[in-house]
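Participant: Line by line, the protein sequences are chains A and B. All the letters of the first sequence, read from the start, carry residue numbers 41 to 572 under the numbering used here. All the letters of the second sequence, read from the start, carry residue numbers 1239 to 1550 under the numbering used here.
Hints were generated in silico from the structure; no laboratory data involved. The structure presented is a predicted model; accordingly, all values stated were derived computationally and were not measured. Where is the CB? At the ideal position from N, CA and C, for every residue including glycine. Do not rely on the hints blindly, as some may be mistaken.
Stated by the list, open to error - Selected chain A positions facing chain B (in silico; Cβ < 8 Å):
id	residue
1	G144
2	P146
3	K163
4	A283
5	S284
6	R293
7	W458
What the hints assert, rightly or not - No more than 25 Å apart at the CA atoms, straight line, and that leaves these computed lysine-lysine pairs for DSS-like:
id	chain 1	residue 1	chain 2	residue 2
8	B	K1292	A	K185
9	B	K1407	A	K183
10	A	K236	A	K163
11	A	K163	A	K140
12	A	K236	B	K1286
13	A	K183	B	K1292
14	A	K140	A	K183
15	B	K1286	A	K463
16	B	K1292	A	K232
17	B	K1286	A	K157
18	B	K1292	A	K163
19	B	K1292	A	K157
20	A	K549	A	K272
21	B	K1286	A	K163
22	B	K1407	A	K549
23	B	K1286	A	K185
24	A	K322	A	K272
25	B	K1452	A	K236
Below, each chain spelled out in residue letters.
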Amino acid sequence: MRLERYRAAIVGALAVLVSGSAGIGHAYAADARAFRMIVGEPRFLDPNLATDYSIYVNAQLFEPLARIDNKGNLTLLEAKSIEVGPDNRTWTITLDPKFKWSNGQPITAADWEYSWKRILDPKLSSEVAAFLVDVENADDYNKGKITDVSKVGIKATGEYTLEVVTSKPAPQFRAILALPYLTPIPRAVVEKTGDKWIAPENILSNGPYKLVSRVNDQSIVMEANPYYGGNKPAIPRIEMTIASGDLCTAQLRAYEADEVDFATCVPSQDIARVRNDPKLGKELSPYPASATVWFQYDLSRSPWKDKRVRDAFALAVDRKAIVAAVSDDTAHPTDVVVPESIPGSNPADALKGTVEDAKKMLAEAGFPGGKGFPQFTITASANRGQPLIAQLLQQMWQEKLGVTATINVLEENAYRAWVKARKTEPYDLMLNQWYSDYADPSNWFGDLVVGDYRNSHFSNATFNDLVKKGNAEPDVAKRIEIFHAANKILEDEQPMTALYNPVDLWLVKPNVKGLQHVGVLDNFYIGEASFQ
Amino acid sequence: MLGYVVRRVLASLPTMLLVYTLVFFIAHVTPGSPWDIGSNRPVEPTVKATLDAKYHLNEPLHTQYVDYLLGAVHGDLGPSYRDRTQNVEDIIIRFLPVSLELGAAAMLLAIVLGLPLGALAALTRNPAVDGLIRMVSTLGVSMPTYVVTSILVVVLGVELGLVPTFGWKGLFSTSAIVPVFSLALAPLAAVIRYFRSSMLEVMHLDYIRTARAKGLKPLQVIVRHMGRNALIPVMTVVGVYASNVLTGSFFVESIAGIPGFGRYFVLAVAARDYPVIIGTTLVYAVFVVGINLIVDLSYFLLDPRVRMERAT
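Modelling step: build the complete structure from the supplied sequences, incorporating the hints.
Facilitator: Rendered as structure tokens:
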């Protein structure tokens, strides 16, 4: 058979092809001394603009005045001191001159003033401006009501002295001054190069690392900043690879293949496997997030206006079952909206009762056994296990209360837009969540509830007054007492029903030491870690 | 032939306009604004207004429709909203070559492997070999690329540690193995199937018998006489797959972390980055139209009868 010969030749060619591709298998080896991780593409490397997860990348490059540690204490970084005057409004910040830009130039108060005023500039349209609204005239300038920037209460009064004046006494402002969003930027460079100042050839940073290279949607490389004023990083180089789509899955695969030293999350379907794995289980680093997942009702409409209906819905929920399903029991079930770690929260305020009470309340509201209760829709985001939570709630309410829900799952960005449109549009019930920006009651009671960022349309005059009073109270003990009273109203009225506090799960290779979860944003500082 | 090309190019203009119109309006009616993305808190109306004004999103939709079209015709595809320091042309220049490289490698692999395998399946009298090749090709056609890519990443990357699970270090590195194989599988399977069946059709024709009777060597008969004729249907299917594969696969690039055109398109959709969505779709459309044209022209080279028909 003559064909045999050709067949042999073809098979031979195939073998060469296959072995050829396998032969270059181990060419992939990264610099062992570089810290490797996968991140999402930062939307903004410009710290004046970044409010999303870009801040975790930026935190390696840029440093704020201070940091709030996990015990709630303020640790000074770039500032030598932060003093507030007797009026509780005038903050005098003395900068530490040993901190320098990554080219060795001094960082002056003028850089800080320039940066913070740029944040407020309406032309920049930065979301970071929300953190500076307490500053005198800042909001008016940001909204274009005044155009004279010199009226804004931020001023460099000396080479290393910065003075910030708030419009009213604002005790929580000290925590805001320590936010990672509020850093200096190199004025001279930004004025010269404009939007392109963040390009690797232009950028200057003040933190432990400097940017060496950046290829959009591909990679970010940093090296130790030789002029950094704090402790020199033990890890000289960071190599970040950019992922898109399912970031947690990409990180876990790379972690298991030893391509990265660190993963910032575990996909929910893999949590049980990772926890039960003898090796991975030990490398897991859990950290309770300062956050709550809840469901909420459109309080402007019936039947949700009726508190008995809300209470019935809340009491019919089995939180343990939800937490088991979405997090393999790693998250903490909670029945109060404001997390326990936030002053003013009080778990004792939680709504108490049994499923029998729930049935009774629904009957009292006019729907015995769920009879006559209108069919309603639960809206959820496609992310973070929310579709599963919605299904569990649907089932629980059907079984225990006899009411029927349909589920509407929206792609994450469509969901965000949908939530924002609920300001004027009606809805029934939605799943939602909030992660603290800073560990202060005003971020929850004020921004979230009074500001109605999530459009539950809850409005209670006593509650609003308490929050207003609490925000302006300089005495810490009195302040907590006021927020305690507000918390009681919030839980009594039950505009939102808390489900659980999520727990962040990191994976850290055993040879990495000193990588800590920091603060309410669960930040990490690679400059403080080392390889064993 | 030149007249034919000109006619085809002109005929594609209404198609392009239709593509533009559809993608423009679908992009704009999708819920969510480019400024809401990634933000945890409501975006201040003033912030929104400033950005809308800066990017002309405050103008009526029909004005935006005409303005963008005029710009695009003049080669200006607009700025990117997601990355405010870039415009769409920069993005195309940076991301399209990666997808082109990857796609070209995958098509080459599909053809280089597919033709001999298809021929082998057709010519062998061994049902086991034929069956095996047909099984592989059926599997290749029926398995979606995201399943193939995920399996390859988990097996080759996580379990065996032969290739990186993620990222791109150029075509001549191990990071190319998973994406090239994943992309090549579907066209490979198609090439095998089509080439096998058209070889079977051709092999019993009279002129083959004549060729053999003339005493030509079997390889010459297979390559010159059977192969060339059997290639025509394969060219059509290669063309269809090439326009898919060359412009980048959403799934393969997203899963394997390839900074290519397909992945960028997904990111743009998620970010409601209208100019990038429209610009990249137009590039896709140009590709599909262009490759179809090339496929049609290739018939001229392969089949003298087509040359005759088209000429008259």
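Participant: Against this structure, judge whether each hint is valid.
Facilitator: We went through each hint and held it up to the structure:
{"no.": "1", "hint": "G144", "verdict": "violated, 26 Å"}
{"no.": "2", "hint": "P146", "verdict": "violated, 28 Å"}
{"no.": "3", "hint": "K163", "verdict": "holds, 7 Å"}
{"no.": "4", "hint": "A283", "verdict": "holds, 5 Å"}
{"no.": "5", "hint": "S284", "verdict": "holds, 5 Å"}
{"no.": "6", "hint": "R293", "verdict": "holds, 4 Å"}
{"no.": "7", "hint": "W458", "verdict": "holds, 6 Å"}
{"no.": "8", "hint": "K1292/B to K185/A", "verdict": "holds, 19 Å"}
{"no.": "9", "hint": "K1407/B to K183/A", "verdict": "violated, 46 Å"}
{"no.": "10", "hint": "K236/A to K163/A", "verdict": "holds, 16 Å"}
{"no.": "11", "hint": "K163/A to K140/A", "verdict": "violated, 28 Å"}
{"no.": "12", "hint": "K236/A to K1286/B", "verdict": "holds, 22 Å"}
{"no.": "13", "hint": "K183/A to K1292/B", "verdict": "holds, 16 Å"}
{"no.": "14", "hint": "K140/A to K183/A", "verdict": "violated, 33 Å"}
{"no.": "15", "hint": "K1286/B to K463/A", "verdict": "holds, 16 Å"}
{"no.": "16", "hint": "K1292/B to K232/A", "verdict": "holds, 21 Å"}
{"no.": "17", "hint": "K1286/B to K157/A", "verdict": "holds, 19 Å"}
{"no.": "18", "hint": "K1292/B to K163/A", "verdict": "holds, 9 Å"}
{"no.": "19", "hint": "K1292/B to K157/A", "verdict": "holds, 20 Å"}
{"no.": "20", "hint": "K549/A to K272/A", "verdict": "holds, 22 Å"}
{"no.": "21", "hint": "K1286/B to K163/A", "verdict": "holds, 11 Å"}
{"no.": "22", "hint": "K1407/B to K549/A", "verdict": "holds, 24 Å"}
{"no.": "23", "hint": "K1286/B to K185/A", "verdict": "holds, 16 Å"}
{"no.": "24", "hint": "K322/A to K272/A", "verdict": "violated, 29 Å"}
{"no.": "25", "hint": "K1452/B to K236/A", "verdict": "violated, 72 Å"}
Figure legend: structure checked against the earlier numbered hints; hints not met, in rising order: 1, 2, 9, 11, 14, 24 and 25.
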